[in-house]
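**Q** Starting from the known structure of chain Z, arrange chain E on it as the hints suggest.
Protein chains in written order, with the numbering used here: chain Z, 1 to 591; chain E, 1 to 643.
It is worth saying that the hints were derived from the structure and are not from the lab. Keep in mind that a hint or two might mislead.
27 Å max Cα-Cα, derived DSSO-like pairs, lysine-lysine [stated by the list, open to error]: (1) K259/E / K375/E; (2) K216/Z / K492/E; (3) K218/Z / K38/E; (4) K38/E / K232/Z; (5) K238/E / K496/Z; (6) K38/E / K221/Z; (7) K187/Z / K492/E; (8) K197/Z / K424/Z; (9) K218/Z / K469/E; (10) K610/E / K516/Z; (11) K221/E / K91/Z; (12) K441/Z / K259/E.
In this text the structure is predicted, and so the values were computed from the model without any measurement.
Here is how the chains run, residue by residue.
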Amino acid sequence: MLKTLASHIKEFKAPSILTPIAMVIEVIMEMVIPLMMASIIDDGIEVGNLDHVIQIGLFMVLAAVVGLSAGLLGGIFAAKASTGFARNLRKAMYENIQTFAFSNIDKFSTAGLVTRMTTDVTNIQNAYQMILRMCFRAPFSIIIAMFMAFFISPKLASIYLIAVIVLALFMVLLMAKTMKYFSQVFKKYDDLNASVKENVTAVRVVKAYVREDHEKEKFTKASGNIYKMFVKAESMLAFISPMMNVAVYCSILAISWFGAHLVVSTELTTGNLTSMLAYCMNILMNLMMLSMIFVMITMSIASAKRICEVLNEKADIVNPDDPVTSVRDGSIWFDHVYFAYNKEAKEYVLTDVNLRIKSGETIGIIGGTGSSKSSLVNLISRLYDVTEGEEGAGGTGAVYVGGVDVRDYDLETLRNEVSVVLQKNVLFSGSVLDNLRWGNKEATLEECRHACRLACADEFIEQMPEGYDTHIEQGGTNVSGGQKQRLCIARALLKKPKILILDDSTSAVDTATDAKIRKAFAEEIPGTTKLIIAQRISSVMNADRIIVLDNGRVNGFGTHEELLANNTIYRDVYETQTQGGGDFDENGGEL
Amino acid sequence: MAEAKPVKGPGRQLNFGPRPKLENPVGIFARIMKYVLKNYTVHCVIVLVCIFVGVFASVQGTMFTKDLIDVYIAPMIGAELPDYGPLLSAMARVAIFYAIGIISAYVHARIMVNVTQGTLRDLRNDMFTHMENLPIRYFDTHAHGDIMSMYTNDIDTLRQMVSQSVPQFINSAVTIVSVFISMLILSVPLTVLEIVMVIMIFMVSKKCMSMSGRYFVSQQKDLGAVNGFIEEMMDGQKVVKVFCHEQESMDRFNELNDKLFDSANNANKFANVMGPVNAQLGNLSYVICAVAGGLFAINGVGGFTTGALVSFLTFTRQFNMPINQISQQFNSVIMALAGADRIFKLLDEKPEVDEGYVTLVCASEENGTLVESDKKTGLWAWKHTHQATGETEYKRLTGDVVFDDVDFGYVPEKIVLHNIKMYATPGQKIAFVGSTGAGKTTITNLINRFYDIQDGKIRYDGININKIKKADLRHSLGVVLQETHLFTNTVKENIRYGKLDATDEEIYAAARLANADGFIRHLPQGYDTMLTGDGANLSQGQRQLIAIARAAIADPPVLILDEATSSIDTRTERLVQEGMDRLMSGRTTFVIAHRLSTVRNSDCIMVLEKGCIIERGTHDELIAAKGRYYQLYTGSAPEAYGA
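The shape of chain E in the complex, shown without the other chains:
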């Protein structure tokens, strides 16, 4: 697909540090929450209740430690026969609270597992389903690595956010509010003091955060530079060796590496410092409250007791902790939002539109007219219900393709195919020749509507292909691409891909037709051999044979073939050639030809240059015309032809 250059992505995304410029973080956050709540409203409500109960239980516990000293222990001190009864009953009461707290903590944690994993599963499924519906254009314009990173990095950061950050935020918020109320009850002046301290802590950590954030951004940039450099040099490592360029490449690397060290050091420094600063400022506020509270207690201001002070101090800790936690979660939330933003962009991508209504049905011929049939008759027909009249018409599928003045461009501003006019009657073989970038592949991509044309019309059996349902249109077209893609599965299943309900017998027959049967039977497990990594364990020629078998089993009336450029591996090439020839016989075939024999045997040859058909005709006609084709033909093997 030399015509469609993928747009270069921003390179490898590393999953830490905030990324600059995140538009509308609140909106994204709201959307994530909406997504979570869509299927898990009840779960979330229960979790919320658990959080409240949990916080309530822990506040009760703290309140108990206050009463422990004042109410229960103090009176007993010095008593002859201390009565432990009240203490015991109080403990029993608080134990119940604790038990509730423990249960709610478990319920919370357990339900969150389902909520998080379920949401991620739904999200992954939605992403994949949506991705499958996207037009080819999307894959042309997005780096594959970037698409992949959404399924891995971005989903991972989201998991952290949904499972940890959000509940912790809520927990922290509830804790802060309830602790705040409790503190107010205990002592208003001390609470005011504590709030002042908290504001101070907050300001300091905000400062740290923005400093570290800034360095994280530059770390991200330097990291990108280092990664890019490594990727490029590792790819070209053999060239480096051949040109003895080791020292230069090392010097350049060290330069980038040192720069990264610098920014990474600073970014981590500020991030690290934030923890102790918060903690020690928390301690400081603890001390100040202790001293002030001590003064109140000694002077008995507002009935403030020692027990109250102890509780209050515990509250101070509980008050500082969530604030600390929130600031620590902040970075990961920003990262998750950035990831979610990318995921939502994928989900918002417009899917391939299909306004076609003409469908492909099995038919049988009765009294010279076509009738729709439920059975597999081997005879296919287009079912065309005219929109204006509501009449249904059946038209036999024959494989007649007409291009009528077609213009096309991958982007509307740049037309790459101009005024393409051509026709192929059933069973004809049409060959496209021309240099790389002349538009051969592009034309074939228009027939199966991988791309939609800008102007003109393409008719299939007399029907405008825009009216045919895409799925049915593509079912009627077989494609063998030059770049063979196989799936991780057995050989058998890979062939079956062309026809999901094919029997094993049909598979063997297709493989025999494609000339693939011989080598497949020699594989360690024959047809059940697992193919992995795009068929990495097979040779290019063998992969192509399987692809031919896959197309053969689908038995389409129209074929689009992209021949492989010649290789010198004569044995396999001959097999491929024979397989292709057998596949082509009796079908309308569009072939991007590289082999002289294919070209010569074609019914019509289209010579393409810069997106225009500049010559057309049979081999003999074109040779006689002494035009571009003649040049290509003779230039191709001048010595061999004595030219």
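Just chain Z, with the same shape it has in the complex:
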């Protein structure tokens, strides 16, 4: 993990090294000042030597100035190193995510990726800054202070040593105990917040059933529990401050008592005694600081782990070494294809699929939820790879496009020729035109218009206030479901692909428009192989041939009439839909 992270600091090696150095210099200067102070008292004031006071005073000013510059530089370097580190982490994660195959994306949730790139990176940035500035500073200043104390009076310094050890032991014990409590509390705390979230999203259910009081009672109980746990955990922390006081005060008393003896027996000067008292505070303050750093690092370890998960994720699909860069035609051949999302899974999502589709054919695909319709088409543009079967299961399975195994194509070539309109489709913030040009960067306005005409999107776009320049909100929230689907189809058409796949892409479009789109396809892009997944039987029944999928197997493949005659599933679906189960009014929101 550390190695992974460290490689992203490289660019900021200099500030990362300079920060601790600057901090150490600052500490030294801070330490020197009490020493000089002792000298002012002993050799200046006590003996009435004014020159000495001024001379040492000037040195002290100098030390303060050096300390200030070191502090400033340290701060500047630390900022640069930590924010730069954060930038590199974000960049590296983002770049790695871009190489992800669908299977990699599935592994992480969108929310998970977002948190990793935002909150987690911020945690790491703060922790790294803290480490740079404090991790050397605090121990170093303890060491120096100890060293100085021993230099002045080994006898008195041993008091510190005892205090430090006792305090450190106490802190470690306390931390270990509280961390345990805290991890419990935070889990409960997450649960509580999850329940708030549930109430926010399901507010209509709560209100419809008049369960406000029920929910309040539940919440109050949970929050009361959390209160108890937090109090338990934090009352441990309440010992820290008094414990620090105990250590400081005991040290002061001990030093005063033994110091007095030493001064009286002239083993120690008054000035030195003052310095000793100053170091006392210093050591204990830094010890406190260390315990804080400790907590902070522990907290950021979880974030670091999550970031490394993304950074170390290897793309499942990469370009072949000597890729084929042109696609001959739009024919598709599934040859003994087996597929499972998880390599270890016992059951296949697709089992022994054998299909030959001619270039230019229109193919309908139908089947119940979970019958692997999407999985089937996703193999064509190599969004997933065919699973290498075990012995006897046909390990030679492959998908061929234009007569070539999809695994031999250059990915970009393949995906430009096989255009998929995904089931869960997304529009991006930007103008309508910007969105369309995802399909083809160089597309002219005329080409875009043409694609929109085919997808029946032109009518509503032209009615929009700014036509093709209308701004689309993030996620396409300002267009209706049906409009979104038609825009996505137009976008896919702009690629001028050899194979066009519509994965349930007209579900929110009314039946009449749906038919119009299909008609346009048949007339305007006859050479393109079209695969249409649909839930509505009316969307597929006019296709050249229809694939009926059931539980990952091809249950039937033929024309509407053939299937109606021979395929029970198809007949069943047909009857349910035409005799009362069909969509009635989903006109996609525009009339």
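**A** This is chain E only, laid out in the frame that chain Z set:
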């Protein structure tokens, strides 16, 4: 709920850096304090006393180090037989002070735990209680992420403020005052010198603070941009892959990322610099005081002694430290205030008003008149106490609903439903059809008063629904939404949600009625299977079956159903369909229909378009009229019907 577009929130709020424009920070601060003091006045007083005692003890300690040298050690130097007695007694005295200081530090810390956590608990409870009472409109107009962030981020920042910043402020203030007095006692001229230095430190750190504050604001902005971009692209990552758009998205990201690096670097730089500047200026003032004090001591100005100088210098440190601390806490206080502002806005949000006075009671029929009954009779009646006469009237709950010229708009300026007139007699099935956005869901939301109408009247069993207590009105209505929401709990408890005192037997019966019993029994722990994440471990159809069971157990006379759009999963769909049909039988039902069979079997079909009922009638009547319904109907499956 396509009709009610949620207002887009300001996006993900990240919890650092001051946010621009905070109105009336003093007022917010005062309100937080009032909130804390409401339940913890005694605690706070004790903490305050502890702070005073603690500061007093530590001042005593410093005073002791002064006397240590001058009074106790100096006389002993060179003495034949040094008498440690006075020193010992002085130490004993100061040890008592220390002990008091330690005890007060513990009491302070321990009580603050209760004050902080207790206040947060109260605040959370108040927030949640208040939130539950807010009208649906609030949830429509506030992004759910923003509401959540109040419970997490904002509460967290508040915790820091209440538990650390405020006590530290008080501590610092008390320390500053007491140290200042002590310094004055020791030496007036040196104190003046120190004050001058402090003012200087203060000015410099103020400058740093405003610089870093400015960059924090722009960092916040850039961070928002990066977050927004990541969120959008991660959501569309599969589309990016499909369109081979990786390079473009990377370029755009790098641009935003670099910008963020720039502003974050600057913001952190100034924030980091503040510490050393304060510390070293503190050192500088320490040095200057040392030299000046040394001069005074040598020349014996105003009886200034070495011991006094030592104490004074310690005071200088103690004086600088709290100022340093205050400036460090400043950022977190600003953040907490911004969070508190949002929380208070939630608490100030107007709750759902309920002026209804007609209640739902159990009744029994005696001699042809309805009489209120304590027992569960299965017969429900509206108890209507007329406000004018004080007479109480009982009216049987039957499920007769009338819309009389109803106008409605989510915002008053934009009416989305116009002149809705309709009636449903008990047991009738009313279907709404029309395109998305025609206002079907909106109408059903008016019956249970999720929203209040602008004009017209809705009557339920002849009573204006505004006169019925909302809770009782909603109890009499069952709702199955298209988007099913389940709670993190067992299947059994999720069904019980419809009727909290339902027995297990009743639950099984409801599940059987809803056709859910079969699949539930096949779940790993049957009815005791835990559902998490909105029932993520179930299929859409199964979730809907549970929702139907939940409505069935409530056994309401009136139902509002939002049918799911058809799916091809014929088996589950058939189960859902049967369950719904059984649920509907014998009840007045308003159904947002998607299935032909539902529509055809309805007693009356309302065809909605742009918020108006444009056609109404039975299936046969509407087909004969050859209007919009005919278009929708035939357009729906033209091939299948040979049209």
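**Q** Checking one constraint from the list: CA of K610/E to CA of K516/Z, max 27 Å. Satisfied?
**A** 24 Å, holds
**Q** For the pair we were handed, K238/E and K496/Z, check the Cα-Cα distance against 27 Å.
**A** It holds: about 20 Å lies between the C-alpha atoms, which stays within 27 Å.
**Q** Given the proposed pairing of K221/E with K91/Z, does the C-alpha separation stay at or below 27 Å?
**A** Between K221/E and K91/Z the Cα gap is close to 18 Å, so the pair holds against 27 Å.
**Q** Decide if the proposed pair is consistent with the structure: K218/Z and K469/E, CA atoms, cutoff 27 Å inclusive.
**A** 23 Å, holds
**Q** Given the hint that K441/Z pairs with K259/E, does the C-alpha gap stay at or below 27 Å?
**A** Holds, because 26 Å separates the two Cα atoms, which is no more than 27 Å.
**Q** Assess, step by step, whether the Cα of K216/Z is no farther than 27 Å from the Cα of K492/E, and give holds or violated.
**A** The given pair, whose Cα atoms are some 20 Å apart, holds under the 27 Å limit.
**Q** Given the hinted pair K38/E and K221/Z, is their alpha-carbon gap at most 27 Å?
**A** 21 Å, holds
**Q** Given the hint that K197/Z pairs with K424/Z, test it: the Cα-Cα distance must not exceed 27 Å.
**A** Roughly 24 Å between the alpha carbons, so the hint for K197/Z and K424/Z holds.
**Q** Given the hinted pair K218/Z and K38/E, is their Cα-Cα distance within 27 Å?
**A** 24 Å, holds
**Q** Does K375/E sit within 27 Å of K259/E, going by the straight-line distance between their CA atoms?
**A** The given pair, whose Cα atoms are some 70 Å apart, is violated under the 27 Å limit.
**Q** Would the pair K187/Z and K492/E pass a check requiring their Cα atoms to be no farther apart than 27 Å?
**A** Status holds; Cα separation ~25 Å.
**Q** Sort out whether K232/Z lies within 27 Å of K38/E, counting only the CA atoms.
**A** Roughly 23 Å between the alpha carbons, so the hint for K38/E and K232/Z holds.
Hint 1 from the list above is the single one not met by this structure.
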